[in-house]
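Protein sequences appear in the order of chains H and W. The working numbering puts the first residue of the first sequence at 785, with every later residue one more than the last. The working numbering puts the first residue of the second sequence at 23, with every later residue one more than the last.
There is no bait here: all hints are sound.
Chain H stretches covered by chain W per the calculated footprint, using a threshold of three residues with CB under 8 angstroms from any CB of chain W:
(1) 955-962
(2) 977-990
(3) 994-1007
To give an idea of the chain H side of the interface with chain W (calculated C-beta under 7 angstroms), a few residues:
(4) Leu839
(5) Ile1183
(6) Leu1218
Hint data in this document are derived by calculation from the structure and do not stem from the laboratory. A virtual CB, placed ideally from N, CA and C, is assigned to each residue, including glycine.
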Amino acid sequence: MESILLSLSGGLLEAFQPLNLLMIVIGCVVGLFIGAMPGLGSVNGVAILLPITFLVPPNAAIMFLAAIYYGAMYGGAISSITLGIPGASTAVATVFDGRPLAIAGKADQALTAAAIASFVGGTVSVVLFTLFAPPLADFALRFGPPEEFALMVLAFATFIGLGGDDIPKTIFSILIGLVLATIGLDIISGRPRLIFFDISGFMHGINFLVLAIGIYGIGEMLWTLEQTEGNVIVHKVNMSWRAFLTNLGHVKYYIKTTILGSILGYFVGTLPAAGATPASLMSYGLAKTFSKDPESFGKGNVAGVAAPEAANNAASTGSMLPMITLGIPGSPTTAILLGGMIIWGLRPGPLLFTEHPDFVWGLIGSLYVANAFTVLINLAFIPLFVRVLTMPFTVLAPIIFVLCVVGGYAPSQTMHDVWLMLLFGVAGYLLRKLNYPVAPAVLAIVLGPLAEQSFRQSLLGSQGEVWIFFERPISATCIAIAAALVLYPVLRGLRKPAKAQA
Amino acid sequence: MTVRTAELVMAIATMLISIAIMWKSTELSIGWVPQKGPGSGAWPFWLSTGMLLASAATLVRWFLRATPESRSEETYISRTAFYVVGVSVGAILFLLIATNFIGIYFALLLFLFFYLRFVGRHSWTTTLSVTIGVPVFIFCMFEWALTIPLPKAISEPLFYPIYDLIY
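Sequences and hints are given; from them, build the entire structure.
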């Protein structure tokens, strides 16, 4: 415990370094903006802006990106309440009660509740994170290649069991991500692999950013352009000090649901397939179930705004737990952060705590700082953010397209990658329209090289015996849970028709 | 094209892609290499086999009308959506092709001007400030701060005076 406090204070000091602090504040503002713009969420912002962070050292870069992640969770509520459109999928549940409140002229009440709930969610989860991360990393130090591989199988299985999307399409998405990761030189034998049409551009492989920017930049913009053809109506927000203080007094009505939602959000967030969106929906459902007055939900109950907002912020911190300790991202956004860490020359996983303590604790410290800054910036500049929301999408879209093209070019500096990015963007858009989930593919392309390496090393160690994955207790447990996750929806699917007949 | 047709076309396309990757993987050893473990082609080969099976499952579910998409008779991409998306993709295509000839900065000018003025129908003030502001920002960010030179093709000589200034 003492050592945790010591490391944490070191991390906080690191976060208060002038450059790092500056990056955190900029990240918070950018994140709030990204979260508030409909069609842009944390994952889009982090994917598009990652190439720009090569400008600063890794410590400052990860703090910047984490602050964006954080800010976006706050920002999503702004458009959910004032526009009635979720600013990001993570803020869908905020619309249910935020919209009726705005229509009733109580937008300021909803916005304050959202900001405070986000702050509580962030604080609770970051404390849980600080307590859980070091022991988990310690435990994970014992993992060998079989355990690593089994853990990744488990991460992918959560998409099949808990993702809620069509199962064959989810499996396809996972596998194509893994296959795309194999293109280029084989790490073990050094031989070129899957060089399609002998195009030399494939020799250096497909950087995960090319897929991530393609899908979350180009593809997402095309999707949003299609969706936002209608007009949007911005609700007026009247903010004054007196109103703010009365709104602050309302905290007592929703503090219980907020804390409950924060803890729930944190644990749901640690699961790769779940994350902030389902966490916020679950938290909303829970708040409604346990409320004394469930009828008022959906008609403008402040607790209905606070519960999902607390959960989505807590989930974003939760998803960093497996990323930092196990090297398994807990969400698409952390998958991109993980990919960034590989670019910066860090090997994600339990060793990070011992080999790069300043990096890990700096990140944890920055979460505390970012949380505090975001709530202040959010409350102070709500009117400004609301005005930005009236910006037509046809101004933002070309700017994002440009950032995508330039960002896709920067990592490898070849036009080949930019063309691939456009191809992935269009393919991602077409697949998404048919309800193929795209997040598993992004997770898979990041984890692909690590998964293959641990798989082949395990088999090499056991002389080709697949039993190695079932003999070792930790890996066997992971595989067993993974198998249960995959079988569960299949069995449920088999039982359903039988029930219908009876 | 209805969503139902699109689902079928996509399932067949993904099957063909899977087969192509399987076939490409067999260029390398897909079996066990003594002393070296599984061959280089084994991992992508079995993954793409899985892709083929998953696509086949989607195809079977299409015949059984099991997925919501395979029952939907709605239009896959509506006319208005096709216009917005098509124009955007076309403009990006133009941006990439033009980059090869006139360099990225001049391509960006044309791309942004076209998009803001003719797709977004924005005022001259908005159009010009974004059209000029964005390339300048990109230049400062990438060339100056990150020292990542972006492709300039024949427009390269125009940048020599600026290089002298900043490097």
